[in-house]
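> Just need the whole structure built from these sequences, with the hints factored in.
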Amino acid sequence: MKIALTSIFVDDPIKAHAFYTEVLGFQTKEYIPEAQLAVVVSPEDPGGTALMLEPRGDSFGKLYQENVYKSGLPVIVFSTENIEKVRKDLEDHGVKFRDDLAKPEWGLLNLFEDTCGNLIMLRNENQK
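Residues in the sequence shown are numbered from 1 upward in steps of one, following our numbering.
Mixed in with the good hints there might be a few duds.
To be verified - BS3-like mimics (lysine-lysine), calculated; alpha carbons at most 27 Å apart, straight line:
1. Lys-62 x Lys-96
2. Lys-29 x Lys-70
3. Lys-2 x Lys-70
4. Lys-103 x Lys-15
5. Lys-2 x Lys-29
6. Lys-103 x Lys-88
7. Lys-103 x Lys-70
Stated by the list, open to error - Okay, the calculated beta carbon distance ranges per label pair:
8. Lys-88 x Ala-18: 20 to 26 Å
9. Ser-59 x Pro-104: 33 to 39 Å
10. Asp-89 x Phe-60: 31 to 37 Å
11. Ala-35 x Tyr-64: 33 to 39 Å
12. Tyr-69 x Glu-125: 37 to 43 Å
Don't read these hints as lab results, they were simulated from the structure. All residues carry an ideal CB built from backbone N, CA and C; glycine is no exception.
So, in structure tokens, the structure goes:
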């Protein structure tokens with residue numbers, strides 16, 4: 001068994017799709033704007049786990065997303081082989097990082113905002 005699809009709440013799936021594809025570089029797996037449906041995949045593993053950018057609505061999803069954000073918790077973790085380069089590239093595209101690159105014993109980490117109401121953790125995958 002493997003994870004085929006996961007989702008995160010976003011305030012606007014159309015805006016989120018633009019950010020996740022144009023800024024983060026993910027590929028579109030499925031996109032039906034009139035249905036508020038946006039699913040993206042990593043260009044490094046297009047057959048791997050897909051990420052649905054789920055409309056949060058005005059009830060549970062909104063409350064959940066706002067409280068997770070206020071708590072400073074990431075909703076998902078993305079990995080890269082060169083976190084310094086990816087951070088610079090993302091900053092060049094206007095992405096706001098919460099702090100400097102963290103270097104705990106388990107690896108390099110960084111937290112950034114996705115412009116859609118979420119915090120995303122970026123980690124260096126070559127860390128022990």
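> Hints first: check each against the structure and report whether it holds.
Against the structure, the hints come out as follows:
With a C-alpha separation of about 22 Å, the suggested pairing of Lys-62 with Lys-96 holds against the 27 Å cut-off. With a CA separation close to 30 Å, the supplied pair Lys-29 and Lys-70 exceeds the 27 Å bound. The hinted pair formed by Lys-2 and Lys-70 fails the criterion: a straight-line CA distance of about 31 Å is larger than 27 Å. Of the pairs offered as hints, the one joining Lys-103 and Lys-15 is violated, with about 32 Å between alpha carbons and a cut-off of 27 Å exceeded.
Distance check on the hinted pair: Lys-2 and Lys-29 sit about 18 Å apart at the alpha-carbon level, within 27 Å; holds. As the CA atoms of Lys-103 and Lys-88 are separated by approximately 17 Å, the hinted pair is consistent with the 27 Å bound. The straight-line distance between the Cα atoms of Lys-103 and Lys-70 is roughly 23 Å, inside the 27 Å bound, and the hint therefore holds. Remark: the range hint 20 to 26 Å for Lys-88 to Ala-18 is upheld by a beta-carbon distance near 21 Å.
Ser-59 and Pro-104 have their C-beta atoms about 36 Å apart, which keeps the hinted 33 to 39 Å range intact. Between Asp-89 and Phe-60 the beta carbon distance is about 35 Å. The supplied range of 31 to 37 Å therefore holds. Remark: the range hint 33 to 39 Å for Ala-35 to Tyr-64 is contradicted by a beta-carbon distance near 22 Å. Checked against the given bound of 37 to 43 Å, the beta carbons of Tyr-69 and Glu-125, roughly 25 Å apart, lie outside it.
Checked against the numbered hints listed earlier, the structure breaks hints 2, 3, 4, 11, 12; every other hint is satisfied.
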